[in-house]
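**Student:** Here is how the chains run, residue by residue.
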Amino acid sequence: MNPFGVLVIGAVIGAVLGLSVTSEFFNRKTYVTILGVAVLIDVLMGSYPFYTWDLSVELPVSGVYLAALIGMLAGKAAGGR
Amino acid sequence: MNSELIPLMVVFPLISAILLNLMHGKDRAVRVYGTLAMVVVIAVPLLAVYGNHLFGAHPAIDTPAETGIALGRINLAIEYSFGFLQRALIFLLAAIATFAVLSHTSNEKRASGVYLSMVMLSIAAVSAVVMANDIFNMFVFLEILTISQAAMVVAKGDIGGYKAALKYLIFGGVAGGAILLGIALLLGTFGVLNITDLGNALSGNTKSPIVLTAVGLLVIGWLFESGLFPFHTIKSHIYSSAKADVAALLQTETKIVLVAIAIILLRLFGGLSNMSAVMVGLSVITLAFGSVMALVQTDFRRLLAFAAVGQAGLVGIGLSLGTPDGIAASIFHAVNDALAMSLLFVTVFVIYEGAKTTEFSRLGGLLTKAPRLAFLQIIGIMAVSGVPPFNAYQSEYRLIGAAFQAGYPELGVVIILGTIVTFVALMKGFFLTFLKESTAVAAIGRPQLSNALPLVTFATMVILALVCLGIGLHPGPLYDRFADVAITLTMGV
Amino acid sequence: MNTKDIYEMRTVVAAVFLGIFSIFVLKALTSFEIIPGVSYVYNLQGPSIAPNMITVILFDWRGYDTLGEAFILITAVFTTGILFGRGVLGGDVKVRDTAATRQPSVVQKVFAAPLVFIIVAFGIVITLGGHITPGGGFQGGSVIATAFFLSVVVFGLRKNVFSLSHRSLETFEGVGALIYLCLGLAGLGLSGYYLYNVGADFYPGLGVAQWAVNLLSYPDATNAGIIPYLNIGIALKVLSGFCTIITVLMGAEKK
Amino acid sequence: MRSLYDTLHETLKSRGGTHIGGGFTAEYMLLAFFPLAFVALLRGLDSLTSAVLAILVTALVAFSLPLVKKVSRENSDHFAIAAFYIAIVMGLVLFLMVGGF
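Protein chains in written order, with the numbering used here: chain A, 1 to 81; chain B, 82 to 574; chain C, 575 to 829; chain D, 830 to 930.
One should not assume that every hint holds.
Chain D is faced by these chain B residues, among others (derived, beta-carbon under 10 Å) [stated by the list, open to error]:
#1 VAL373
#2 VAL377
#3 LEU498
Read the hints as simulated data drawn from the structure, not as lab findings. Glycine included, C-beta positions come from ideal geometry on N, C-alpha and C.
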């Protein structure tokens, strides 16, 4: 059983927190920075926190981190403040 | 036997605390929910079946040799035990807390959800301490109790309350640290936290210096939680800084926690003569200073605060004797005194609400304005100081008997002296408030005092007075069962 | 001898007695031999629930204690609120909100806002991986709260990255605590024991309905049961508790 | 030599207020309390020593009259005073428990 649930939960928590983020300090450059650094961190984290996936190769990135970040960005977009 | 209602006695007040805090600001919702919640809080201890509850369903298992525990079987789960003693104490607490809640919802213009949630948290904490058969769980809820009590005092919103609460929290930190260190020493040495298991592991093992250090640290914590000697000024400061209806709740909680922790100490280290001597000594000092200081106060609330602390010393004496009679009489006295002292605190609450002061120099001649209040207060005074038809007479008489039987005749004399001093102090308060001629009262005598007492307050006072009288006339049903509890307690040692 | 001398003498006496106290405590601490005790049994049985033993002990065997500790924090947060006028008897006292917005420097401005996102996402990872790797609700919640602290320190309270009102923080806290309490109630209702680890169904004889086990069983190699959900509740509670405290304290800065 | 009553009365009067009667009662009660409390505290010792100590304490108390003022000062709300007694009791409890007597 693949842990997709954890990705969903991570995205939901991220979205809930993201809803309250104001847009004032963000522009296109900031988003690019966020995504760039996030991918870097994600690769460095490796498969942390070691959820087991039924894949032939071990997942090289932390899916939860990416899910949480995307959730936050989505929440911020949806919040519209 | 597993009773499913046992955890609800703690969990329901916790849920209510969260909900009441969320409701804060919606006046009507707070009032309605606060009142309804108290019905449940009172009902649950009456409906619950006697027995034990294992949290997380982890059962007792045979001990593997590698654990190093010198016992055949150990408990894995946090355990609550619920018997007659627990039911009586929690019901008493729920009853007094109901008054505090109703007094708040009916007297205040704006109901405060945060304040009621603090009352709920303290109810949950005291219930947990009373039922806990796990020494670490007891510590956790003692911390909640300390903070929520301080918050109830702060909620009054004046600078005196802030000072008292800050002092209370600082010394609470010292005492909490002492308890935690004691628990850590016991856990490291014996490997278990369950009190029954710990008692079995300890039997015959109490002479090592580590255990004795742990006992000393736990006793220091007990002194703070029950307001005995070095901490008695802090407790009395807390009582007198709080609103008088809160003070009634605070002193009830303190007496219940005193009994609960002392029973845990007795179950663990019952045969230890050092501990008994230290506890007796500090209780006697508390009784002496509490009642003497009550005598010299110039403010009715402070007088009552010190009298309450002195009576706590009285309860401590009987418990630390460690004999079945002493323990039974002490538990009985704790219940009686909590009831009678609450009655007195409520009367003072009425005086304060009416006259806006409790300074003796500004009170006087209230007898003609509030005869019913005076009558109820004199009942309360007689009940607290052990005048025959009322309840404290029954318990103090038994306490003195227990002291003589345990071979401490001088303690019997000390108890009598303390009772006399308390009586004199309270009568002095009564005289200066109700009988003394005063011109000042003309300026401050408000219509609330002369005409209708608030219905809830009046009903509470009448009920408390009747209960005091009823227990005084028929002590048997209650005392005999406390005696059973005490006998089973000392048999286990 | 005047009063001042007496008090100085008292300091010495108090120091002597505290010295005696610490000597006895230190003697006990240095001379005692620790045995494994119950934690041996916990460690023996724990791996069949989840790999991270600390979380398993905290949230399964001592789950009720953890509930109590969470409530110590909640009580402290409420008390902080009362100290600054919320819920005082006779109506709330409004603290004047004078905390000025700060003008962040360019470096702060460029780094702080993206960093908030990165830290929050990391906190969520720590929370959700709590039962597998070191971490958990307390830690994850604190990490997320540091993102809030960072934005408050850089941008000021009024105009920070999060527009979290006191009210919504309270709702978060209440929801977090209620998640914990209600999962405990689910155990009570389904098995008769409070905080029974329903999803893991560690003692199958208790007659827990299979649908409930399936519902609460967590998608992972081991069956951590309700522990991850408890972690989420604790994380919400801790982060909103810390955020409430800093909101209240910063708001009262220039009272 | 002036009578004890006069000494007490004057000292208590100097405090002012309405509690001279209460002060008197407190004074005599303290006189009775201290020796009794000490007898109870020194139970562990043999009877002769405890009797001698009790008499000593009584004498000490009697010579340091009036006590009420001192006692109420030591039981006031001051943080420093409370901290002092707490420090003493913390040391004393551990000394009595571990050191034995």
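**Student:** For every hint, state whether the structure bears it out.
**Tutor:** Okay, the hints, checked on the actual structure:
1. VAL373: The hint holds - VAL373 of chain B has a Cβ within 10 Å of chain D, the shortest such distance being about 5 Å.
2. VAL377: holds, 5 Å
3. LEU498: holds, 6 Å
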